[in-house]
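Chemist: Once you have looked at the hints, place chains R and S on chain Z.
Chains as they are written, first to last, in the numbering used here: chain Z, 1 to 335; chain R, 1 to 75; chain S, 1 to 361.
By construction, these hints were calculated from the structure, which means they are not laboratory data. Nothing false has been slipped in among the hints.
Distance condition first, Cα-Cα at most 30 Å in a straight line; then the derived DSBU-like pairs of lysine-lysine:
hint, chain 1, residue 1, chain 2, residue 2
1, S, 131, Z, 133
2, Z, 84, Z, 116
3, Z, 161, S, 358
4, S, 10, Z, 289
5, Z, 136, Z, 105
6, S, 10, S, 29
7, S, 209, S, 184
8, R, 27, S, 131
9, S, 132, Z, 133
10, Z, 307, S, 356
11, Z, 136, S, 131
12, R, 27, S, 152
13, S, 358, S, 104
14, S, 10, S, 358
15, S, 132, R, 27
16, Z, 314, S, 2
17, S, 104, Z, 133
18, S, 104, S, 356
19, Z, 161, Z, 314
20, Z, 314, S, 358
21, Z, 105, Z, 127
22, Z, 307, S, 10
23, Z, 84, Z, 289
24, Z, 26, S, 104
25, S, 104, Z, 131
26, Z, 136, S, 104
27, Z, 116, Z, 289
28, S, 29, Z, 314
29, Z, 136, S, 132
30, Z, 136, Z, 116
31, S, 132, Z, 131
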Amino acid sequence: MIDHITLDHGSGGRQTHELIRNLFVKKFGMPEPLTDSAILRSQGRSYVFTTDAYVVDPLFFPGGDIGKLAVCGTVNDLAVSGAKPEYIACSFIIEEGFPAEHLVKIVDSMAEEALKAGVRIVAGDTKVVGKGKCDKIFITTSGTGILERGREHISTGTRIKPGDKLIINGPPGNHSIAVLGARNNLSFTTPVISDCASLNHLISGVLDRCNEVHFMRDLTRGGLAGVLNELAEMTGKGITIDEASVPVDEPVKGVCEMLGFDPLYLANEGRMLIVAGNDSESEILSVLKSDPLGRESAVIGEITDAKRYSVVLKTAGGGTRILDMPSGVQLPRIC
Amino acid sequence: MCLSIPVKIITIEGSMAEVSAGGTIFKAGLHMIENANVGDYVLLHAGFAIQKISEEEAEETLRILREMNDAMKDE
Amino acid sequence: MKYIDEYRDKALIMNLVSRISTAANREYKFMEVCGGHTAAIHRFGIPSLLPDYISLISGPGCPVCVTGTDFIDKAVAYSGLEDVIITTFGDLARVPGSSSTLQKQRASGSDIRIVFSSLEALDAARSNPGKKVIFLGIGFETTAPGTAVTVKQAAEEHIDNFFVLSAHKIMPPAMETIAGEGTKLDGFICPGHVAAITGSSMFSFLPEKHNLGCVVAGFEPTDLLHAILMLIEQVNRGEPEVRIQYTRAVTPEGNLVARNNISEVFTLTDAYWRGFGTIPASGLTPGNAYEMFNAENAIPVSIQYHAENRMCICAEILRGLNDPADCPLFAEICSPENPVGACMVSSEGTCNAWYKYKRGR
Numbered sequence: 001m002i003d004h005i006t007l008d009h010g011s012g013g014r015q016t017h018e019l020i021r022n023l024f025v026k027k028f029g030m031p032e033p034l035t036d037s038a039i040l041r042s043q044g045r046s047y048v049f050t051t052d053a054y055v056v057d058p059l060f061f062p063g064g065d066i067g068k069l070a071v072c073g074t075v076n077d078l079a080v081s082g083a084k085p086e087y088i089a090c091s092f093i094i095e096e097g098f099p100a101e102h103l104v105k106i107v108d109s110m111a112e113e114a115l116k117a118g119v120r121i122v123a124g125d126t127k128v129v130g131k132g133k134c135d136k137i138f139i140t141t142s143g144t145g146i147l148e149r150g151r152e153h154i155s156t157g158t159r160i161k162p163g164d165k166l167i168i169n170g171p172p173g174n175h176s177i178a179v180l181g182a183r184n185n186l187s188f189t190t191p192v193i194s195d196c197a198s199l200n201h202l203i204s205g206v207l208d209r210c211n212e213v214h215f216m217r218d219l220t221r222g223g224l225a226g227v228l229n230e231l232a233e234m235t236g237k238g239i240t241i242d243e244a245s246v247p248v249d250e251p252v253k254g255v256c257e258m259l260g261f262d263p264l265y266l267a268n269e270g271r272m273l274i275v276a277g278n279d280s281e282s283e284i285l286s287v288l289k290s291d292p293l294g295r296e297s298a299v300i301g302e303i304t305d306a307k308r309y310s311v312v313l314k315t316a317g318g319g320t321r322i323l324d325m326p327s328g329v330q331l332p333r334i335c
Numbered sequence: 001m002c003l004s005i006p007v008k009i010i011t012i013e014g015s016m017a018e019v020s021a022g023g024t025i026f027k028a029g030l031h032m033i034e035n036a037n038v039g040d041y042v043l044l045h046a047g048f049a050i051q052k053i054s055e056e057e058a059e060e061t062l063r064i065l066r067e068m069n070d071a072m073k074d075e
Numbered sequence: 001m002k003y004i005d006e007y008r009d010k011a012l013i014m015n016l017v018s019r020i021s022t023a024a025n026r027e028y029k030f031m032e033v034c035g036g037h038t039a040a041i042h043r044f045g046i047p048s049l050l051p052d053y054i055s056l057i058s059g060p061g062c063p064v065c066v067t068g069t070d071f072i073d074k075a076v077a078y079s080g081l082e083d084v085i086i087t088t089f090g091d092l093a094r095v096p097g098s099s100s101t102l103q104k105q106r107a108s109g110s111d112i113r114i115v116f117s118s119l120e121a122l123d124a125a126r127s128n129p130g131k132k133v134i135f136l137g138i139g140f141e142t143t144a145p146g147t148a149v150t151v152k153q154a155a156e157e158h159i160d161n162f163f164v165l166s167a168h169k170i171m172p173p174a175m176e177t178i179a180g181e182g183t184k185l186d187g188f189i190c191p192g193h194v195a196a197i198t199g200s201s202m203f204s205f206l207p208e209k210h211n212l213g214c215v216v217a218g219f220e221p222t223d224l225l226h227a228i229l230m231l232i233e234q235v236n237r238g239e240p241e242v243r244i245q246y247t248r249a250v251t252p253e254g255n256l257v258a259r260n261n262i263s264e265v266f267t268l269t270d271a272y273w274r275g276f277g278t279i280p281a282s283g284l285t286p287g288n289a290y291e292m293f294n295a296e297n298a299i300p301v302s303i304q305y306h307a308e309n310r311m312c313i314c315a316e317i318l319r320g321l322n323d324p325a326d327c328p329l330f331a332e333i334c335s336p337e338n339p340v341g342a343c344m345v346s347s348e349g350t351c352n353a354w355y356k357y358k359r360g361r
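One chain only, chain Z, in its complex shape (with noise of 0.2 Å):
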């Protein structure tokens, strides 16, 4: 048994999931499998319902700040489980001392978001604690939305088979090293900027074309290797990613390989993983890159039925290594 939280638990990781396994679920009698948001039935329809807390720091950095975040994080949340995002609320816990402009520009950015994402802000709450009670500003938002029949598959990945591909949208990385970069002790500037956004249109577009989604999630702490083994273990299947396929960002790659980082493992906000079906991967594809947010969209590997429940790396030069669930928080490394 822990005794004292640390950082680890909070890092999307390991130790993240046994947390949440042992302590919550168990006993607030949750069902399995977890999914992002929760799927509620209601009178003959389905909703979904999420929650999260943003505390991100510094809390302005290249691309966005904790405001956008928290509306794009909780959107994203809600349209990777198929549904259509709708109304979000959203709690303020505030130290003593903040400057007031600082709060304006993040409610900005918030309202900026959601007339984006077009969903609408309609309950929410604030607190303010005393000085050194908390770091500056933190936000917890709550979203739901409204699930079209047929898709609840999209968030539990009861259709997935061997075969079926597996494309993300874009570069990962870059949010985590805006973020790193913008926080001033790590020793480097960059000039990546967050990928942070709202997906719920991008993702639209893809299910109103294609009937062939197996299975979508956000690729959010733990990064593509924490959504990867976390969907290994819920279907009890293989996977194989070539790494040649995933596109990185160049300062990304400089960050990573100075510091130790693999960007396979990095927190993204506008990352998802889409698993493509019945060789619909070229469709997708086609969808997703006519738009800003999936421009960079790839195929980078496969569902199969070697190697159940793990997760294997085809690496450049044509070997291979397992790609583990991540543990911990990355710290840089020098030797």
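Modeler: Okay, now just chains R and S, sitting in the frame of chain Z:
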């Protein structure tokens, strides 16, 4: 052992330089490099440039590898 | 990225693999002594490309792994002092000490900061004149010169609140021990970045005293495969020698300025290596005119002796005598989240690499 990658010197000020890794800029101490110039490639390790990359030797290594590859293709 | 991508070319890699298979006409066992090589070999899936009869063994090349628990215990003890700021490379944060880790200490309120360079640690000293900043100096000959430069800078600026707790070590004595004790090896893959500093001639004792060939290798897949091919050819010819594969960064003499920095600031001391015990003249400690920067001289701290976990075989793994799979704790009790030994927690430890990249195959 040591996480160290080739980076390009972008600016030099005294014994510190700004170096680029794929477009991300890091700071590097040039204390151990003689005659460093903007445009040179160095190995960056733990905030210091530890050695210059020799362009000629790099080319030579690639030439050898490519020759080996071509030779086998002809066999 | 220049000087990286070209050396990851798939066709060149496959060609080298093919040449290796052709040239290899018996079993070969090569040891690398560089955590960066351990990580690169596994990251690029090199073992999956080589035939079974070529074994790559990891030796004591991970500076975090070979550092004794004492070092972490001292750092933890220092971190408990009111006026101390610990500055460290990220690698050390989760290494288990006898009773705690730096990460746990930070969770309990100690001022522990991850730095990318010793220069940042010196910055912390400048900005916190009322505190004592202790930099945890870890790493081999690649990293030690940087610490030396920073110590010299501190001396020049008369900064009196900057200290180094050094676990810096030099490679040859450990390699000598391995070569001398008759571990069945056919050659060494020598560390490319250590050699960039020290020069390749430092390894001449291997062929001269021990009849073992060695090739100084870079860190990209073609570098490693090319080095392995060169070693196989040496063994086949029966002519052990020191060769440089990583010619774009390594020369026989190395970086003289860096070497001079090391000898100016550090003195050679006995050092404890996990798996080897104390090896004479293998550690680097601030000395000569720079003695006052040695944290252990300047700030007294006491720790208790604790025995290492008896079931942990990090020691044997670091000497290349066992694989992680031979350890009863591997993947059962010992994992990157719950490391028992340093080999599992360091991102360049052998057990860590096996766990991440090979477990379950």
